[in-house]
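In order, the protein sequences belong to chains A and B. Residue numbering for the first sequence follows the working numbering, beginning at 1 and increasing consecutively. Residue numbering for the second sequence follows the working numbering, beginning at 1 and increasing consecutively.
You can take every hint at face value.
Mimicking SDA-like on lysine to any residue, the simulated pairs with C-alpha atoms at most 25 Å apart in a straight line are: (1) Lys269(B) to Leu340(A); (2) Lys437(A) to Leu510(A); (3) Lys180(A) to Val149(B); (4) Lys269(B) to Val225(B); (5) Lys369(B) to His588(A); (6) Lys288(B) to Tyr375(B); (7) Lys132(B) to Ser252(B); (8) Lys583(A) to Thr307(B).
Label pairs and their computed distance ranges (CB to CB): (9) Asp136(B) to Leu427(A): 30 to 36 Å; (10) Asp320(B) to Glu582(A): 26 to 32 Å; (11) Met299(A) to Asp320(B): 26 to 32 Å; (12) Lys592(A) to Asp200(B): 31 to 37 Å; (13) Gln105(B) to His4(A): 24 to 30 Å; (14) Glu169(B) to Lys223(A): 27 to 33 Å; (15) Leu263(B) to Leu427(A): 46 to 52 Å.
Covered, in the sense of this in silico footprint (three residues per stretch, anywhere, with C-beta under 8 Å from a C-beta of chain B), are these stretches of chain A: (16) 327–337; (17) 405–413.
Source of the hints: derived by calculation from the structure; they are not laboratory data. For each residue, glycine too, the CB sits at the ideal point set by N, CA and C.
What follows is each chain in one-letter form.
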Amino acid sequence: MIGHLTERDLIEYQFELASDIRQKEIAEHLEDCSICREHLERLKKKFSSLELLREDVKISEDLVRQVAEQVASAAEPRFITFRKAAWFSSVAAIFVIGLLLITMSVSVTKRQRREITETFTRQPAEEKLHAKREIALREDMTRNLAVERASKPARMRAKGLLGTAGERAAGVVASDEIVKQPPFAPASAIELVTLPRRENVQLTIYNSADLTLVRERRDLTLKRGWNWLQFMWANTLIDPTSLNLTPLNQADKIDIEQLVFPARLQEVGRWLIRSETDGQVPFEITYFTSGLSWRAFYMGMLSRDQKTMRLESYVRVDNGSGEDYEDAQTRLIVGKVHILDEIAELARRRYPYGRPGLELGIYEELDSKERRVKGMERFFYDRSAAVGGRLDELKRKEIIKEGLSEYFLYTIEGAETIPDKWGKRLLSFENDDIPVKSLYKYDQQRWSNDVIRYVAFANDEEHKLGQTPIPNGTVKIYSRDDGQGYLSYVGGTSIKYIPVNEEIELNLGLAQLVKVEPILIDFTTDNYVFNKEGNITGWDETRTWRIEITNTKTLPVESEITRGFETAYWKLQFSDTSVSYEKHDATHARFKLIVLARSKRAFEYTVTTYHGVREEALAK
Amino acid sequence: MRSKLIILSAILVLLASVGIASARIKLVALPERAATVIRLDNPTATLIEEERVLTLQKGLNKVDFSWKGVLIDVDSIRLRVLDHPDNVTLLSVSYPPNEAALVWQISSDSDYAETVRISYLLSNIDRLVTYKAIADKAESKVDLKSYLVLRNFSGEDFERARVLLDYGEAFEQGIDHEETKQLLFLSAGEVPITKVWTFDAAKLPWDPERLENRNVGIPVSYRIVNDPDSELGKYALWGGKARLFQDDGHGSTIFLGEDVTALVPVGEKMELYIGDSRDIVVTQRKMKDARINIRKNDDGKIVLYDTDEEITAKIENFKDSAAVLTMIQHIPWQWDMAECNLEYTKKNADTLEFEITLPARTESGPAVKELKMHYNRRNVKP
Numbered sequence: 001m002i003g004h005l006t007e008r009d010l011i012e013y014q015f016e017l018a019s020d021i022r023q024k025e026i027a028e029h030l031e032d033c034s035i036c037r038e039h040l041e042r043l044k045k046k047f048s049s050l051e052l053l054r055e056d057v058k059i060s061e062d063l064v065r066q067v068a069e070q071v072a073s074a075a076e077p078r079f080i081t082f083r084k085a086a087w088f089s090s091v092a093a094i095f096v097i098g099l100l101l102i103t104m105s106v107s108v109t110k111r112q113r114r115e116i117t118e119t120f121t122r123q124p125a126e127e128k129l130h131a132k133r134e135i136a137l138r139e140d141m142t143r144n145l146a147v148e149r150a151s152k153p154a155r156m157r158a159k160g161l162l163g164t165a166g167e168r169a170a171g172v173v174a175s176d177e178i179v180k181q182p183p184f185a186p187a188s189a190i191e192l193v194t195l196p197r198r199e200n201v202q203l204t205i206y207n208s209a210d211l212t213l214v215r216e217r218r219d220l221t222l223k224r225g226w227n228w229l230q231f232m233w234a235n236t237l238i239d240p241t242s243l244n245l246t247p248l249n250q251a252d253k254i255d256i257e258q259l260v261f262p263a264r265l266q267e268v269g270r271w272l273i274r275s276e277t278d279g280q281v282p283f284e285i286t287y288f289t290s291g292l293s294w295r296a297f298y299m300g301m302l303s304r305d306q307k308t309m310r311l312e313s314y315v316r317v318d319n320g321s322g323e324d325y326e327d328a329q330t331r332l333i334v335g336k337v338h339i340l341d342e343i344a345e346l347a348r349r350r351y352p353y354g355r356p357g358l359e360l361g362i363y364e365e366l367d368s369k370e371r372r373v374k375g376m377e378r379f380f381y382d383r384s385a386a387v388g389g390r391l392d393e394l395k396r397k398e399i400i401k402e403g404l405s406e407y408f409l410y411t412i413e414g415a416e417t418i419p420d421k422w423g424k425r426l427l428s429f430e431n432d433d434i435p436v437k438s439l440y441k442y443d444q445q446r447w448s449n450d451v452i453r454y455v456a457f458a459n460d461e462e463h464k465l466g467q468t469p470i471p472n473g474t475v476k477i478y479s480r481d482d483g484q485g486y487l488s489y490v491g492g493t494s495i496k497y498i499p500v501n502e503e504i505e506l507n508l509g510l511a512q513l514v515k516v517e518p519i520l521i522d523f524t525t526d527n528y529v530f531n532k533e534g535n536i537t538g539w540d541e542t543r544t545w546r547i548e549i550t551n552t553k554t555l556p557v558e559s560e561i562t563r564g565f566e567t568a569y570w571k572l573q574f575s576d577t578s579v580s581y582e583k584h585d586a587t588h589a590r591f592k593l594i595v596l597a598r599s600k601r602a603f604e605y606t607v608t609t610y611h612g613v614r615e616e617a618l619a620k
Numbered sequence: 001m002r003s004k005l006i007i008l009s010a011i012l013v014l015l016a017s018v019g020i021a022s023a024r025i026k027l028v029a030l031p032e033r034a035a036t037v038i039r040l041d042n043p044t045a046t047l048i049e050e051e052r053v054l055t056l057q058k059g060l061n062k063v064d065f066s067w068k069g070v071l072i073d074v075d076s077i078r079l080r081v082l083d084h085p086d087n088v089t090l091l092s093v094s095y096p097p098n099e100a101a102l103v104w105q106i107s108s109d110s111d112y113a114e115t116v117r118i119s120y121l122l123s124n125i126d127r128l129v130t131y132k133a134i135a136d137k138a139e140s141k142v143d144l145k146s147y148l149v150l151r152n153f154s155g156e157d158f159e160r161a162r163v164l165l166d167y168g169e170a171f172e173q174g175i176d177h178e179e180t181k182q183l184l185f186l187s188a189g190e191v192p193i194t195k196v197w198t199f200d201a202a203k204l205p206w207d208p209e210r211l212e213n214r215n216v217g218i219p220v221s222y223r224i225v226n227d228p229d230s231e232l233g234k235y236a237l238w239g240g241k242a243r244l245f246q247d248d249g250h251g252s253t254i255f256l257g258e259d260v261t262a263l264v265p266v267g268e269k270m271e272l273y274i275g276d277s278r279d280i281v282v283t284q285r286k287m288k289d290a291r292i293n294i295r296k297n298d299d300g301k302i303v304l305y306d307t308d309e310e311i312t313a314k315i316e317n318f319k320d321s322a323a324v325l326t327m328i329q330h331i332p333w334q335w336d337m338a339e340c341n342l343e344y345t346k347k348n349a350d351t352l353e354f355e356i357t358l359p360a361r362t363e364s365g366p367a368v369k370e371l372k373m374h375y376n377r378r379n380v381k382p
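In isolation and in its complexed conformation, chain A is listed as follows:
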């Protein structure tokens, strides 16, 4: 053989297209010629993957026929260049068939699935299930998947930790006919769903956080096997991470396998329920919502002698949740609950648990807020008309109060209907003749030269209270000053939470008719200490103060005067026994005295403060 082998020779040799004699000649040449051997190797690499296909493809006659038809109808330009060489045609043919076979195997599967999906959306549930299983099998055959088939419910079990319902179910699976794989729940944006009626609903509303625990009872009809239950909460402020479903009956036969928040659909959750029973089962659905709130507020009416007060306590419940609650048992929680995330923020999330790697985008919040507001308006107009008839209850409702953990639970008697955007005021308690003490406080460090009026009482039996703690809220105090039944507004303030038996002082603000004036009547310094350089290192200061209290009211007043010395090194001389005195803390002294109606009273004290090294003298 002269010269080297052509590429065509090599391809014919490689694909055994040459005659036997030619094949032998080429083989002999290759043994002697390293250049041609390298050339062949390069070609082999080029076609190695093609070889792979030729080996791998297993085709049915039917498929070959389909492929042949498709090849015949394939776009000409794509292959035209390959026809120029016979060898290339053969390679191309193999490749094209291979490629089409792959495409077909995938597209056939996909087409089959699509068809069946379309079909089973119109089939009863059991047929769907069957169809789905068929698909699964078919896919397995086509793809030759090595996935281990599930022999247990799709549920993780921390082995040994518990007997979850899943394990219970697993034992049953072997002997019954419930399929092991749950059915596919089509993630369609268009839904046809049955709406189980809400049997009853309970609202537990918190006031320390924008949080309400909603508990609904609904009767669901289950079929034996797998059931999907869809829950949608568009235009509400529900926290989807709080959703919980519990069967109230036959809990041992019903297993809530998982809660799925499907892709691409928002405000939708699906529970996968495995049931060993057929028929109607009551379920309880609980979740948190925001937008419902309650607050306590008070009205106090002081008697003419201002020694007693009538106290009315109200609760006001407002519904801005986007959802109407009809005939809901309403409970209010008094207490400070610790929460990590605002429920309203959780409700606004596009994805219930957020998404890894990305914080919630602002646009998402805005987008969903806008949608929600629209929804609320719609509800508002729809429902307002229906409300009128429900507000005319004749009997005043009781509020039952009980303690739980660190909270107090107020349960409003009966059921309330609170449509979205509506509020409701209810009387919590009312008490006449609660003995109160007016106290006029003076503390220059806190209120400069003002006298602040307080009304003090205790949440105890002596004050006709003390049954339950008093929740925090605002209070408005009135008095009957004129004797004709007209009211005078004394002042308003906020009231803190008052535990049972604790005293409370209500700050009613500036007292106009009581004045306190401290007058410095004597000031001396003494006991100077000098260092080696002759500089002052210590001294004493002695002040004598006269405190004058003027009461222009027609009633006697009790006043409390607190004096601060801005140092812990002080000594006070005080001898007036008609005034009570106590050391309040390291830097303050406190005096208490009664000042009669329309009178002036004064007391004096002398305080020595020690400065610099003179502090040591006192410490010793």
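Since chain A is already given, all that's left is putting chain B on it; use the hints.
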């Protein structure tokens, strides 16, 4: 079903012209993904392992692994040969320019339908753990449930995968892109709890009077021990958000509060802060604060002194039940206790812990206890 975005290709390169091209033209076979494992034992990264069957030809083979719309840590990608590890060798890995892809060169001593396992770290797919506990009315035990929340925002659908956590059995679960699934994975019916009230003098205000009508809440926690006595103790409990409820005795529950717990190893305690108690009131005041034993330099300047300090704390229980308050006091620097009317444990050099048992309130008023602590701080430098 979304199309697969992670593509493994056995390249069929038709290099009709051998010219150097900047773009790669690929004609590929697509080996189907077989067993897929999502490994979630590391909370910061999710490892995907998938098995695929490669039809290898004797000699050199190129396998192309590429992805689009998903975030894969390129350096984490590994290929392992399962069937013929001695006969099939991974020769090299190359990275095509400007592509989310890599090409393996594999040599094989024969033709094999080789199962390979490809593993890589995939972003935006993870798991969370949440807890839900319902305490009984007496607050002595809780029904504890833990849920696993799988979140897949990776861009890839996993039709069926084995999900592995760091304990327990693997389970099979499919999860689509943008899908979140919540599964129950732990339930313990009667886990004993201890309720704890804590007043830390360094964190809470001392004198409620100074707060102008605001309550000081004493933090309340539930303590759960991860041990066999609590029906737990087999595995560490993962960190996550815990929501606590209480049976109200009327067939319903109230929500007590929520907290986030860190990982709790076996034998350790989980402490869940649920809310504040306003029925226990602490009024703490410093009644004395003086410098004593003053030492001066030749210039008369103070260089060292001791202190004489006295603290009183009145603790009032307005609850109708008894409680044990853990009170934490801090005395910085070197100190001696001169007098203290309650027992304490020295937690560290400057932290004292008092366990104060408070009876329930009576008709006459709250149960009151008073702490009086007289101490000297020593050798304080000005």
